[in-house]
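Build the full structure now, drawing on both the sequences and the hints.
Number of protein chains: 2
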Amino acid sequence: MIDNPYYTHEFHGDYELISIGRLDLEEGGSIPDCQLAVATFGTLNEAKDNAILVTTWYSGTHQVWRENYIGTDHALNPDEYFIVVIDQIGSGLSTSPHNASGANAELTMSKFPRVRIGDDVVAQERLLREHFGIERLQLVVGGSMGAQQTYEWAVRFPDKVRRAAPIAGTAQNTPHDFLFAQVLCEAITSDPGFNGGEYASNADVVEGLKRHARIWAVMGFSTEFWKQEVWRALEFHTKEEFLEGFLEPYFTAMDPNDLLCMAWKWQHGDVARNAEGDLAAALGRITAPMFVMPINEDMFFPVRDCRAEQEMVKGSELRVIDDVLGHLALFAVAPTYMPQVDRHLGELLARPA
Amino acid sequence: MIDNPYYTHEFHGDYELISIGRLDLEEGGSIPDCQLAVATFGTLNEAKDNAILVTTWYSGTHQVWRENYIGTDHALNPDEYFIVVIDQIGSGLSTSPHNASGANAELTMSKFPRVRIGDDVVAQERLLREHFGIERLQLVVGGSMGAQQTYEWAVRFPDKVRRAAPIAGTAQNTPHDFLFAQVLCEAITSDPGFNGGEYASNADVVEGLKRHARIWAVMGFSTEFWKQEVWRALEFHTKEEFLEGFLEPYFTAMDPNDLLCMAWKWQHGDVARNAEGDLAAALGRITAPMFVMPINEDMFFPVRDCRAEQEMVKGSELRVIDDVLGHLALFAVAPTYMPQVDRHLGELLARPA
Numbered sequence: 000m001i002d003n004p005y006y007t008h009e010f011h012g013d014y015e016l017i018s019i020g021r022l023d024l025e026e027g028g029s030i031p032d033c034q035l036a037v038a039t040f041g042t043l044n045e046a047k048d049n050a051i052l053v054t055t056w057y058s059g060t061h062q063v064w065r066e067n068y069i070g071t072d073h074a075l076n077p078d079e080y081f082i083v084v085i086d087q088i089g090s091g092l093s094t095s096p097h098n099a100s101g102a103n104a105e106l107t108m109s110k111f112p113r114v115r116i117g118d119d120v121v122a123q124e125r126l127l128r129e130h131f132g133i134e135r136l137q138l139v140v141g142g143s144m145g146a147q148q149t150y151e152w153a154v155r156f157p158d159k160v161r162r163a164a165p166i167a168g169t170a171q172n173t174p175h176d177f178l179f180a181q182v183l184c185e186a187i188t189s190d191p192g193f194n195g196g197e198y199a200s201n202a203d204v205v206e207g208l209k210r211h212a213r214i215w216a217v218m219g220f221s222t223e224f225w226k227q228e229v230w231r232a233l234e235f236h237t238k239e240e241f242l243e244g245f246l247e248p249y250f251t252a253m254d255p256n257d258l259l260c261m262a263w264k265w266q267h268g269d270v271a272r273n274a275e276g277d278l279a280a281a282l283g284r285i286t287a288p289m290f291v292m293p294i295n296e297d298m299f300f301p302v303r304d305c306r307a308e309q310e311m312v313k314g315s316e317l318r319v320i321d322d323v324l325g326h327l328a329l330f331a332v333a334p335t336y337m338p339q340v341d342r343h344l345g346e347l348l349a350r351p352a
Numbered sequence: 000m001i002d003n004p005y006y007t008h009e010f011h012g013d014y015e016l017i018s019i020g021r022l023d024l025e026e027g028g029s030i031p032d033c034q035l036a037v038a039t040f041g042t043l044n045e046a047k048d049n050a051i052l053v054t055t056w057y058s059g060t061h062q063v064w065r066e067n068y069i070g071t072d073h074a075l076n077p078d079e080y081f082i083v084v085i086d087q088i089g090s091g092l093s094t095s096p097h098n099a100s101g102a103n104a105e106l107t108m109s110k111f112p113r114v115r116i117g118d119d120v121v122a123q124e125r126l127l128r129e130h131f132g133i134e135r136l137q138l139v140v141g142g143s144m145g146a147q148q149t150y151e152w153a154v155r156f157p158d159k160v161r162r163a164a165p166i167a168g169t170a171q172n173t174p175h176d177f178l179f180a181q182v183l184c185e186a187i188t189s190d191p192g193f194n195g196g197e198y199a200s201n202a203d204v205v206e207g208l209k210r211h212a213r214i215w216a217v218m219g220f221s222t223e224f225w226k227q228e229v230w231r232a233l234e235f236h237t238k239e240e241f242l243e244g245f246l247e248p249y250f251t252a253m254d255p256n257d258l259l260c261m262a263w264k265w266q267h268g269d270v271a272r273n274a275e276g277d278l279a280a281a282l283g284r285i286t287a288p289m290f291v292m293p294i295n296e297d298m299f300f301p302v303r304d305c306r307a308e309q310e311m312v313k314g315s316e317l318r319v320i321d322d323v324l325g326h327l328a329l330f331a332v333a334p335t336y337m338p339q340v341d342r343h344l345g346e347l348l349a350r351p352a
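Line by line, the protein sequences give chains A and B.
For the first sequence, position 297 (counting from the first letter as 1) is numbered 296 according to numbering that gives the first Met the number 0, and the numbering increases by one without interruption.
For the second sequence, position 167 (counting from the first letter as 1) is numbered 166 according to numbering that gives the first Met the number 0, and the numbering increases by one without interruption.
Think of the hints as simulated: they come from the structure by calculation, not from any bench.
Among these hints, one or two may not hold up.
[Claimed, not checked] In silico negatives: residues of chain A with every beta carbon more than 10 Å from chain B:
no. : residue
1   : 8
2   : 43
3   : 63
4   : 67
5   : 101
6   : 155
7   : 175
8   : 206
9   : 216
10  : 272
11  : 280
12  : 303
13  : 304
14  : 334
15  : 335
[As the list claims (entries may be wrong)] In silico DSS-like cross-links for lysine-lysine, where the CA-CA straight-line distance does not exceed 30 Å:
no. : chain 1 : residue 1 : chain 2 : residue 2
16  : A       : 47        : A       : 226
17  : B       : 226       : B       : 238
18  : B       : 47        : B       : 226
19  : A       : 313       : B       : 47
20  : B       : 47        : A       : 238
21  : A       : 110       : B       : 238
22  : A       : 226       : B       : 226
23  : A       : 159       : A       : 47
24  : A       : 159       : A       : 313
25  : A       : 238       : A       : 226
26  : B       : 159       : B       : 313
27  : B       : 47        : B       : 238
28  : A       : 226       : B       : 313
Since we're looking at a predicted model, the values are computed, not measured.
All residues carry an ideal CB built from backbone N, CA and C; glycine is no exception.
Below, the structure is given as structure tokens:
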């Protein structure tokens, strides 16, 4: 375990650490005391049927949802719904390589086991049921790796998911996406300071984390984002300033092993595992009304890939988000982004289910 | 200087090294004895007016043109034209960091000066004029960095270029492309074996070169290339085999400093330098009929960027090549690729000019 000030309430506001006990993992082994960081908004009604689950993306936590997606002026309205954001395993807030201690001490750092999207979803289902008494969700929604979890929920627990909205992500990771995530991992692991995962501080891996950030610059945004110098809207004067003042500090604050844990999970996301490798059969199990919401300028979850899956989900709709930021439109920086998300989620929540 | 068996006739067939003497460089300094590797096909006629110049791309040489683009069954027909392929400075065949010796000994390895696209074009023009007596070209054609040189030729020497065909490249490098090339450079320079450019052998930098290859895997091909497993057509059984059997050996054979020399040049390509930074003014100087030929699945020279420039060239046409390989369609692997290139170049060569 190492101390990293980024994964604290100072940076992530209110959240609660909830233990679900021992979590056996698909790849073998287990987490003896799996703790999930949970931020909630609104009030669970007596029938316990007004809950929405939000799942999180690579490097992202509940905080970006709190700041941008959730509020009385949004479809994710805490006056109406009990909104539960659960940070994924490896996020740095929930049980993760860098914070494994106590009962999890044997899993610390490079010894952390491989975790799959399905492990997260099983853990989340248990938490919602055992801790909150929630048996059914009005909506599961998440972006990127959160979309992977959303699909997994809808396939694995069709009776518990009344509606689902995977944003900018796929049910079965594509080979290109696998290779992209591999390049991200190698930027980190190739730093001599990484030391096979046994560094003393994330600062030891700062060069690898910066390279990792700059690869995100190439793939996370669109070619047009850079051409139009959209970063000027964030009050930077040059693209170098934007990299050094935004993307690099964003990632260098994080823990390398935590990022690698999430990256492996991202690479291996595949709902077809629930149907002996048959993607169409797995997606055919989905009964929830689903809006599949890719971002039109996304470089690595292109609309084409999302549409191919959406067409396998009966009764689903493709709702393309227009945003020049590309994948990282998920940061909700463009003023035109949240109105689109709210409109789609609002219409989905209005659907009988 | 170091010995690298890749940059030999064994791998690159017949070519001639032609010295153009001292080349003063735009960024300052000079190459005392600038030698260009030249492969020719066909016969220069008495009027010396049947010449075509082919310029080369990052990591590519005349060899890929010889094997795929040039022949009596192609638009680049040596029965009709005298086709001159000039390998760019830094290519490893022409004067380059790894082979700088003799009069160029002071430029060896990390001491090699920065070279610009304009330097190559000035060198090529001098070579064609002084060595072959060629004053005017029927066509200048090149892909990627070769497209950068093609644009530079058409802007800088409008009276010498009768027709021009930039394939999969831009006249002014985009910021996204700059960042992509930077990530490629960092994959190499971050390898401890790189040693600031003073390695004993490219084998010392093999890990960095492999990372560089795998970044090409993500950006050089399209998402759909990987999804459709197009690499199976090259008789590989898994994408890992394709990486390890094709892309990695392709790049690990090369010299790191040579690649970095080309990458810097690529990053800083900009014909607007000929018109005080005014891109429209620079492109407005082009008088040659021009076919701008982007590849529809290109991840980093997208059609959108190529079209924006094409629209600034009067009388030009946009001819989009359909190829799922993306940028690396340039390797001419798909059986449908060369017929498109030949059709466009054939039509262009048939235009009065």
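Could you tell me which of the hints above the structure violates, numbers in ascending order?
Violated hints: 7, 8, 9, 12, 13, 16, 18, 19, 20 and 27; rest satisfied.
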